[in-house]
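A.B. asks: Since the structure of chain W is already known, use the hints to place chain E on it.
Protein sequences appear in the order of chains W and E. Okay, so the first sequence: first residue is 1 according to my numbering, each after it adds one. Okay, so the second sequence: first residue is 1 according to my numbering, each after it adds one.
Hints in this document: simulated from the structure, not taken from any laboratory. Careful, some of the hints might be misleading.
[As the list claims (entries may be wrong)] If you want a taste of the chain W side facing chain E, the calculated C-beta under 10 angstroms gives, among others:
1. Ala35
2. Cys37
3. Ile46
4. Arg96
5. Trp98
6. Leu222
7. Lys223
8. Leu262
9. Asn269
10. Leu287
11. Pro298
12. Thr302
13. Val320
14. Asn325
[As the list claims (entries may be wrong)] Computed list of chain E residues with no C-beta within reach of chain W, every gap over 12 angstroms:
15. Pro39
16. Glu40
17. Thr43
18. Asn47
19. Ala51
20. Arg92
21. Ala118
22. Pro131
23. Val136
24. Glu138
25. Gly139
26. Trp140
27. Arg142
28. Asp143
Quick reminder that beta carbons are idealized off the backbone N, C-alpha and C, glycines included.
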Amino acid sequence: MRSVVAFALLLLVAVQQAVWADLPDGARLFAQNCAVCHGETGSGGIGVPLSLPSFQATVSNQYLAATIRHGRPGRVMPAFTQLSDAEVAAIVDYIRSWYKGAPPVFSGAPVKGDPVHGKELFAAHCAMCHGADGQGGTGTGVTFSRPRGLPIMPPALNNAGFLAAAPDAMIRSVLIHGRAGTPMISFLKAGLSETDIDDLVSYVRSFQGEEKAPAAGSVAGLKPVLVVQSPYDLKTTLANLTQAINSDNFFVGRDQPVEYGLTTTAKANPHQIIVYFCDVPFLNKALAIDPRVGLFLPCRITVVEHQGKVMLMSVNPEVVSRLFNNSELNALCKEMHDRYLAIMQEATL
Amino acid sequence: MKPLYWLIRAAALLCLALSLAAPARAEGLLMARSQQMFPEAMTTLQNAITARGYTITRLQEVNENLAKMHFKSDMYRVVFFGRYDQIDALTRRYPELIPYLPLSITIFAEGNQSIVVAMPPRALEEMFPDPALRPVFEGWQRDYQAIFDRVRETTGF
Numbered sequence: 001m002r003s004v005v006a007f008a009l010l011l012l013v014a015v016q017q018a019v020w021a022d023l024p025d026g027a028r029l030f031a032q033n034c035a036v037c038h039g040e041t042g043s044g045g046i047g048v049p050l051s052l053p054s055f056q057a058t059v060s061n062q063y064l065a066a067t068i069r070h071g072r073p074g075r076v077m078p079a080f081t082q083l084s085d086a087e088v089a090a091i092v093d094y095i096r097s098w099y100k101g102a103p104p105v106f107s108g109a110p111v112k113g114d115p116v117h118g119k120e121l122f123a124a125h126c127a128m129c130h131g132a133d134g135q136g137g138t139g140t141g142v143t144f145s146r147p148r149g150l151p152i153m154p155p156a157l158n159n160a161g162f163l164a165a166a167p168d169a170m171i172r173s174v175l176i177h178g179r180a181g182t183p184m185i186s187f188l189k190a191g192l193s194e195t196d197i198d199d200l201v202s203y204v205r206s207f208q209g210e211e212k213a214p215a216a217g218s219v220a221g222l223k224p225v226l227v228v229q230s231p232y233d234l235k236t237t238l239a240n241l242t243q244a245i246n247s248d249n250f251f252v253g254r255d256q257p258v259e260y261g262l263t264t265t266a267k268a269n270p271h272q273i274i275v276y277f278c279d280v281p282f283l284n285k286a287l288a289i290d291p292r293v294g295l296f297l298p299c300r301i302t303v304v305e306h307q308g309k310v311m312l313m314s315v316n317p318e319v320v321s322r323l324f325n326n327s328e329l330n331a332l333c334k335e336m337h338d339r340y341l342a343i344m345q346e347a348t349l
Numbered sequence: 001m002k003p004l005y006w007l008i009r010a011a012a013l014l015c016l017a018l019s020l021a022a023p024a025r026a027e028g029l030l031m032a033r034s035q036q037m038f039p040e041a042m043t044t045l046q047n048a049i050t051a052r053g054y055t056i057t058r059l060q061e062v063n064e065n066l067a068k069m070h071f072k073s074d075m076y077r078v079v080f081f082g083r084y085d086q087i088d089a090l091t092r093r094y095p096e097l098i099p100y101l102p103l104s105i106t107i108f109a110e111g112n113q114s115i116v117v118a119m120p121p122r123a124l125e126e127m128f129p130d131p132a133l134r135p136v137f138e139g140w141q142r143d144y145q146a147i148f149d150r151v152r153e154t155t156g157f
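Chain W with its partners taken away, still in its complex shape (with noise of 0.2 angstroms):
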């Protein structure tokens, strides 16, 4: 009795240690999911800056979090679904421990305004950084590795991960006290009126349900692999898989086996030919869209003969662009999808 009595003390110490050291850690979880976008020390990056004392000093803990639970649909921040709801207070928490004040906190009450006259006020104050229909700036935000004309990038005010986390209370603070180290203005400094900042808040808040942004992230229903059969042999399709390449303004980096560098050149599958080529201006505008596209690089088209056919096959770039949560991506990879079509059915007319 006593050793099962002691075994079972012993096993509950086990398991409140367990507990505590399960305890979710922000510090730990904000550089596993967050520092790669946002800087270890959240200086910005890819992501918004966010130790900067103006943000902090402008967003409630509320929207913080709710902004790492759904993130911005189409605009590169992914919604963190599996993180529990005790880890996002972790990670809310150290974002936090950047900031000396005290969090502001916002009331969820609607603002009243007039949004007719807040759309006037929304073209000549807000759209030349937010555009036209608060789609936000282009790309991502502050990255280092490529020259940027912004040091932020305007948010997308009509997506609908940023109206389901910002109150309009928040978005009127902002509004009224700007964002100092950031092109955001204050707007009542700047002279317009306590109600012309109560209509632009209306107008902002009728995005809602009015949101453009597309859902990204499911590859349900589209093709992994662009594949168009060739009715020629391997070399033949190759040599007019070049021509059409240079023929659409790419140049024609090399070919080489898929096993090129893995074995020696003669053991190399030579029925399995990957050609490479770029077109460097399209790939400097997909870069400025998006830093993380090395992963298409580079443009690449294979000839493959299976089993007495001879294939051309690429990556569909529609599909692996979903990965990236990034709609100006999207629409660019619609543009390569269509090219690497055009370019495969020419080699083979």
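C.D. replies: Only chain E this time, still in chain W's reference frame:
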């Protein structure tokens, strides 16, 4: 005796539940920030790849190609790698996988730090739902995770 039995059983179940709790991750790309500058991070990445039994087949120099046309970019590379036997067997049986092979990880400079990014191999499960491929993708996923963890955790020179 009975309450003790239930106490021990409940505690054991709680321990099991805690041990099975998986680390949280957002869906999307696999990404990690290295505190190392690009040259050191690149070395760490290559060492981490080869430590998992892969051969690096080539390094795509992206920023050099941009520079040739006067576009500005910091250091940017794509590292290609694979295992010969695995790729040979897979591409013979599943040629539709070829466009996604060899495997690759992108690395670019971000100020004094570096960022690595890749398509998570687990994403291939949805694209190629053949159950026979699942262990392959899961194996790659574990390897990628280990590689990314090493890049994230390695500091200094």
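A.B. asks: Does each hint fit the structure? Answer for all of them.
C.D. replies: Results of checking the hints against the structure:
{"no.": "1", "hint": "Ala35", "result": "holds (5 angstroms)"}
{"no.": "2", "hint": "Cys37", "result": "holds (7 angstroms)"}
{"no.": "3", "hint": "Ile46", "result": "holds (8 angstroms)"}
{"no.": "4", "hint": "Arg96", "result": "violated (20 angstroms)"}
{"no.": "5", "hint": "Trp98", "result": "violated (17 angstroms)"}
{"no.": "6", "hint": "Leu222", "result": "holds (9 angstroms)"}
{"no.": "7", "hint": "Lys223", "result": "holds (8 angstroms)"}
{"no.": "8", "hint": "Leu262", "result": "holds (4 angstroms)"}
{"no.": "9", "hint": "Asn269", "result": "holds (7 angstroms)"}
{"no.": "10", "hint": "Leu287", "result": "holds (7 angstroms)"}
{"no.": "11", "hint": "Pro298", "result": "holds (6 angstroms)"}
{"no.": "12", "hint": "Thr302", "result": "holds (5 angstroms)"}
{"no.": "13", "hint": "Val320", "result": "holds (6 angstroms)"}
{"no.": "14", "hint": "Asn325", "result": "holds (6 angstroms)"}
{"no.": "15", "hint": "Pro39", "result": "holds (15 angstroms)"}
{"no.": "16", "hint": "Glu40", "result": "holds (16 angstroms)"}
{"no.": "17", "hint": "Thr43", "result": "holds (18 angstroms)"}
{"no.": "18", "hint": "Asn47", "result": "holds (17 angstroms)"}
{"no.": "19", "hint": "Ala51", "result": "holds (17 angstroms)"}
{"no.": "20", "hint": "Arg92", "result": "violated (8 angstroms)"}
{"no.": "21", "hint": "Ala118", "result": "violated (7 angstroms)"}
{"no.": "22", "hint": "Pro131", "result": "holds (17 angstroms)"}
{"no.": "23", "hint": "Val136", "result": "holds (15 angstroms)"}
{"no.": "24", "hint": "Glu138", "result": "holds (17 angstroms)"}
{"no.": "25", "hint": "Gly139", "result": "holds (17 angstroms)"}
{"no.": "26", "hint": "Trp140", "result": "holds (14 angstroms)"}
{"no.": "27", "hint": "Arg142", "result": "holds (16 angstroms)"}
{"no.": "28", "hint": "Asp143", "result": "holds (16 angstroms)"}
Checked against the numbered hints given earlier, this structure breaks hints 4, 5, 20 and 21; the rest are met.
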